[in-house]
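Enquirer: Chain residues, written in single-letter form:
Protein chains: 2
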Amino acid sequence: MAVVLLVTPRTNEAADWARLLRARIHDLDFRVHPDSGEAGEVEIVLAWKPPHGLLARFPRLRLICSLGMGVDHLLDDPDLPRSVPIVRLVDSNMIEQMSEYALYAVLHFHRRFDVYERFQRERRWQELPLPHTRSRRVGVMGMGATGEDCAHKLAALGFAVFGWSRTPKRVPGITCLHGADGLTVFLAQSDILVICLPLTRATAGILNERTLRALPQGSYVVNMARGGLVIEKDLLASLDSGHIAGAFLDVTEEEPLPADHPLWTHPNVRLTPHIAGLTNPQTAVEPIAENIRRLRAGEPLHDLVDPALGY
Amino acid sequence: MAVVLLVTPRTNEAADWARLLRARIHDLDFRVHPDSGEAGEVEIVLAWKPPHGLLARFPRLRLICSLGMGVDHLLDDPDLPRSVPIVRLVDSNMIEQMSEYALYAVLHFHRRFDVYERFQRERRWQELPLPHTRSRRVGVMGMGATGEDCAHKLAALGFAVFGWSRTPKRVPGITCLHGADGLTVFLAQSDILVICLPLTRATAGILNERTLRALPQGSYVVNMARGGLVIEKDLLASLDSGHIAGAFLDVTEEEPLPADHPLWTHPNVRLTPHIAGLTNPQTAVEPIAENIRRLRAGEPLHDLVDPALGY
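Chains as they are written, first to last, in our numbering: chain D, 248 to 558; chain R, 248 to 558.
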């Protein structure tokens, strides 16, 4: 028997997960937290934001599958069992969703839809200058599966796309920079910055007063990764000064964003409630079931997390 | 000497046109309306919305170059000299701009950014269901150079793209329908309709009470072509009934849109002031200069308009 425990606040998806996994694992024993049954029987956990300490309670746990693309929601558990492998969710459907979000947000600023929205409210029929797409530099920060897909789709529209990552990458058609030295050069040419980084010890607060200042005057920031990557008070200050002309944010330091937070009403901020990529059991089940099969067959796992790197 | 007359309300672009044409035509005599000089000398006109009757005043006119992609602004002149060839402007830079607009408008509705905008005003952090991109059917109405580029770029994002045109077309990756019979089938599967048609006698008012009703319940309309293609009172009625869930309009029957027009304030309408594609002399000069060269060399013209078809 494969004893699989689902741990998620989205309990309405439990029946879908049960059905989809059962169609792929013939000897499945599927359980839903908090009805985990005998703790010693749980072998595999599928988890999104599990309560701290929960995963340490399963002595025979062999695999933790993240139900989100990031794993910061797992690694921030101080009692996480360090010997159990964790796999990220890499779902091409979610990556496509993230790229849709990035294209929309980049076009929002590139084509001045933020200003035209205001013009409509003012019943103002007025054309604004339109820079060439080829002269608009878009910086994609984080060149993992999501960043690379975004970069390709932005480049296909004609934008001048740059990528930045921790380690060197070669991506056809994209100018890639890396590491601390590359970061300042990268930021200085990002007219529109799209953040696709994982949240780790190394990336927390990577967009702060100093790095925001390194962006061009009048540039734009799109964050569809994690709120903790951006120091919000620094972002608000650069928006207020006009150094940053606009921000399009799907994630915030605290989620849901508190009702009295200034980001809700800032005139140059567009906010969405962490919907850039939504885990869909229909498509996410494939990479998850494949990793469960690999675990049981003793084959190497896909998308294994390096806990030291945090992704 | 090549005597070229520029006729446009955008007189601030005259110096650019002069410089760009001079670099390509060594014996250019460049004039700007209303300073057209001796009428019998004018051979070539570059025109955007010329005053009715003006073009008939040049007895030796040999070529009319449209400064917009459409030519309805020329053909609606009852005194237009019928024997003079007219060429459309087909500028890849403008086509790319149009596709950017189409992608933004389609993603706006597909990803519910219209609703999330309202949620932000209400300080509401709430996720909405997200349909698969592959199950979202986008109908591109008009498969000329612009429609085809839009269709390809939408298909590259994973949308189920359909095309419709007057005559049969074959476009790889796109299901193409045509003619009056194809129209009803096409409309019935357009969850999001993107209008890329020229405005002609055959297409004026093509989106009306009857054809809007043929669209699926809760569908969306994007018009970035010409206002005259859509009967605005019928569109407003279908928006009010909820049959059409939203409209994204770059063009209106009357431009600029009168300040008291209900489209300005309809909650499900996004309006922009005819900016989807802007003629840029820097890039538009290439196809125009090439047609002038062809005219003078006695070679066949590119993008010649058939006045009977109206495009």
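These aren't lab readings, by the way, just hints derived from the structure by calculation. Where a beta carbon is used, it is the ideal one built from N, C-alpha and C, also for glycine. One or more hints might be untrue.
Covered by chain R, per the in silico footprint, the following chain D stretches (three or more residues, Cβ under 8 Å) [claimed, not checked]: (1) 496-504; (2) 514-525.
Cross-link-like lysine to any residue pairs, in silico, SDA-like; alpha carbons within 25 Å at most [to be verified]: (3) Lys480(D) to Phe366(R); (4) Lys480(D) to Leu375(R); (5) Lys296(D) to Arg370(R); (6) Lys296(R) to Gly489(R); (7) Lys296(D) to Glu502(R); (8) Lys416(D) to Leu377(D); (9) Lys296(D) to Glu374(R); (10) Lys296(R) to Arg269(D); (11) Lys296(R) to Asp553(R); (12) Lys480(D) to Lys480(R); (13) Lys480(R) to Cys423(D); (14) Lys416(D) to Leu430(D); (15) Lys296(D) to Asp553(R); (16) Lys296(D) to Ala451(D); (17) Lys480(R) to Phe366(D); (18) Lys296(D) to Lys480(R).
For each label pair, taking beta carbons as the anchor points, the in silico distance ranges come out as [said to hold, decoys possible]: (19) Arg307(D) to His379(R): 49 to 59 Å; (20) Pro554(R) to Arg365(D): 38 to 48 Å; (21) Thr414(D) to Pro509(R): 32 to 42 Å; (22) Thr414(D) to Thr512(R): 35 to 45 Å; (23) Lys480(R) to Pro298(D): 53 to 63 Å; (24) Asp507(D) to Pro378(R): 42 to 52 Å; (25) Pro415(D) to Arg448(R): 27 to 37 Å; (26) Arg371(R) to Val337(D): 22 to 32 Å.
Enquirer: If a hint holds in the structure, say so; if it does not, say that too.
Expert: Evaluated hints:
no., hint, result
1, 496-504, "holds (count 3)"
2, 514-525, "holds (count 7)"
3, Lys480(D) to Phe366(R), "holds, 23 Å"
4, Lys480(D) to Leu375(R), "violated, 28 Å"
5, Lys296(D) to Arg370(R), "holds, 24 Å"
6, Lys296(R) to Gly489(R), "violated, 36 Å"
7, Lys296(D) to Glu502(R), "violated, 52 Å"
8, Lys416(D) to Leu377(D), "violated, 32 Å"
9, Lys296(D) to Glu374(R), "holds, 17 Å"
10, Lys296(R) to Arg269(D), "violated, 65 Å"
11, Lys296(R) to Asp553(R), "holds, 18 Å"
12, Lys480(D) to Lys480(R), "violated, 47 Å"
13, Lys480(R) to Cys423(D), "violated, 51 Å"
14, Lys416(D) to Leu430(D), "holds, 14 Å"
15, Lys296(D) to Asp553(R), "violated, 63 Å"
16, Lys296(D) to Ala451(D), "holds, 18 Å"
17, Lys480(R) to Phe366(D), "holds, 23 Å"
18, Lys296(D) to Lys480(R), "violated, 50 Å"
19, Arg307(D) to His379(R): 49 to 59 Å, "violated, 37 Å"
20, Pro554(R) to Arg365(D): 38 to 48 Å, "holds, 41 Å"
21, Thr414(D) to Pro509(R): 32 to 42 Å, "violated, 56 Å"
22, Thr414(D) to Thr512(R): 35 to 45 Å, "violated, 52 Å"
23, Lys480(R) to Pro298(D): 53 to 63 Å, "holds, 57 Å"
24, Asp507(D) to Pro378(R): 42 to 52 Å, "violated, 33 Å"
25, Pro415(D) to Arg448(R): 27 to 37 Å, "violated, 60 Å"
26, Arg371(R) to Val337(D): 22 to 32 Å, "holds, 31 Å"
Of the numbered hints given earlier, the model fails hints 4, 6, 7, 8, 10, 12, 13, 15, 18, 19, 21, 22, 24 and 25; all others are met.
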